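Q: Residue strings, one per chain:
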Amino acid sequence: MTRAKDEIKKSTLTALWFMFLTFPILVIRVNTVENEIEWRWLNMAGIGIGTFFLSMLWRYMIRRQEMGTKTDKHDQLSLVQRLLLNRKLFFSVAACAVVFTLAFPHMFSMYQTSIMISALIYVMLGLGLNIVIGLAGLLDLGYVAFFAVGAYSYALLNLHYGLVFWIALPLGGLLALIFGVLFGYPVLRLRGDYLAIVTLGFGEIIRLVLENWNAFSFGPSGIADIPKPPFFGIDLSLTGTTIYIFYIIVALVIFTIFVINRLHNSRIGRAWIALKDDEIACQAMGIDKAKTKLRAFGLGAMWAGMGGVVFAAKTSFINPASFTIWESVIILCTVVLGGMGSITGVLCGALLLILLPEYLRAFAEFRMIIFGAVLVLMMVFRPGGMIENVRQTYHFKKSPDAAPVDS
Amino acid sequence: MKPILEVKHMDMDFGGLRAIDDLDLSIQAGEIAALIGPNGAGKTTFFNCITGIYKPSSGDVLISRDQTKQERINGLKPNIVTRKGLARTFQNIRLFESMTVLENVMIGCHPVTRTGVLGAIFRGSAARAEEKFIVDKSYAILEKIGLDNYVNELATSLPYGAQRRLEIARALATDPFLLLLDEPAAGMNPRETKALDELILKIRDEENISILLIEHDMKLVMSLSDNIHVVDYGKKIGEGSPEDIRNNPAVIKAYLGEEIDA
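These protein sequence lines are chains A and B, in that order. If you use the working numbering, the first sequence closes out at 673, no skipped numbers anywhere. If you use the working numbering, the second sequence closes out at 266, no skipped numbers anywhere.
Read the hints as simulated data drawn from the structure, not as lab findings. Everything numeric in this text was worked out from a predicted model, so none of it was measured. Every residue gets a Cβ at the ideal spot worked out from N, C-alpha and C, and that includes glycine. Hints are supplied without guarantee of correctness; some may be wrong.
Stated by the list, open to error - Chain B side only, calculated, beta carbon under 8 Å to chain A, not exhaustive: (1) 78; (2) 101; (3) 104; (4) 106; (5) 115; (6) 119; (7) 196; (8) 197; (9) 199.
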């Protein structure tokens, strides 16, 4: 009972504080026409009651969160995590998802398909960044630079040498990989905040170079008329190409998931996670820190490069404005929101972060507020992301001389 | 027969501070040696110098796996030193906390396996065989260490003593010939310490791995060690069997202080 009283007292104080804070803007209004002051007390009451209930809700949620951490670990696994662990169920859900995706461009309008393509490009970027941040634990804030490398490599190679999409796609990935390794090299000794700042700088360098080196990249005016991917020499209609690009990006996303999943549960992936957990112990286990970091930077950047090529082909026009720090932040958010190191998490995070603003255009003015609030709430209630990574489990037959145990 | 580890005239300076001063030490194959000394004597610094975390200011660190040819390992990177057969544990436990117990040991198999990026992606027969080898070997080590009940638990959810044993298991996976244990019994209760005592002997006898340990638990040190090295202020002040060390005046002085003549 005392607890409830305490909560009410604290919530009341919060409400009073908010009433005080919002007093000047929400209560007083100077009517300049009639030269008098309006006192809108009703607003104040509204704020007070609203804040009181929000505060109560917040406290209740926090308490539930604290209770939750005390319960058994297996109960904590979310629905999705349990789904992932159940192979049979997982495959049927995955099959449904595939069928839905394949039918998507035929079920919905071109506009929807086009939005979905953007979202899937971000899925690819998120999955790539997931290697660098989620697995290897290297906070990279300039990731969009590799996206730019991919996009510009297709645009420029096509402009100067007439390279088609299908050759530019692996080449863009390769170039981004090389850039990733080149950028990774000087920052091998850095970690945490320092690494973040330097990568932030690198991202900006790439953008500024593209913006100012007119002879090379045509500056802010960008490159236009980038051809769409060819379809066995047949000229497709605008609708046809959009659908075609949609299938290309779906295939690429599936390929990305396949490769990253394989890497994740391998010697290489484990080395990345070890590096994230403890650099010194990781080296003491015979893992080459430099090589492991460069691998993460390179393999992470590669997907951004390929995503960039698709992006250039989709929009058929690119300029440096598409590759600002803001894009890096969005990609980072998809990884953090989705769940670091978790492929399903990043997939959902990217789709949610890119699709929601598109469908909620009515609330466009509040986008930033909602965005910030969601991130704060996530960090408080689900710090591991929407879908946390589940470690692979192994089962063994006991050796005859070992003591029996339940597992 | 050459010693498997021989340290000659090693100095380690941090700016103006000489943390290790002209230290000599050698370990023969099959030996359990202990490095003891008061707090701040430079024991962990010595480990860090051998394992490549620090580069000694001067002197030689020589290892010899086959006891015939010696190899100088000063200034090699820690991962190379581990590959050469020196594995270590840490004073403050450094497990990979987001990984399971088995995965922690699997990481230890890193230097003895070779699957690369392409192997991991295509998962050919060689990569699959190696993955199976890693899992089986790791499980076998956990069985030996007595942690096989915790295979899929997160490493950090283990009790303290088990975490220390897991560090040893992880080090064993790297196929060492010399195991460097930095205060393995710290924070253990008497029963856990006794189990550790047996474990260390078992590792020496069954795996043929020599052991150098830093420890403050004198009971453990005296019962286990073949040879004890005592350091104080980075200098070696005594060496010998547990019996010798017990009666060595310099050692007693370092630990208990000197009697002042009235």
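Q: With reference to the structure, classify each hint as holding or not holding.
A: Status of the hints after comparison with the structure:
Interface restraint check: residue 78/B against chain A, minimum CB-CB distance 17 Å, threshold 8 Å, status violated. Checking residue 101/B against chain A: minimum C-beta separation of about 6 Å stays under 8 Å; hint holds. With a least beta-carbon distance of about 5 Å to chain A, the hint placing residue 104/B at the interface is held under the 8 Å criterion. Of the supplied interface hints, the one on residue 106/B holds, with its beta-carbon coming within about 6 Å of a beta-carbon of chain A, less than 8 Å.
For residue 115/B, the suggested interface contact is upheld, since its CB lies about 3 Å from the closest CB of chain A, less than 8 Å. Checking residue 119/B against chain A: minimum C-beta separation of about 5 Å stays under 8 Å; hint holds. Against a cut-off of 8 Å between C-beta atoms, the interface hint on residue 196/B is violated, since the closest Cβ of chain A lies about 18 Å away. Hint status for residue 197/B relative to chain A: violated, with the closest Cβ pair at about 21 Å, above 8 Å.
For residue 199/B, the suggested interface contact is broken, since its CB lies about 14 Å from the closest CB of chain A, more than 8 Å.
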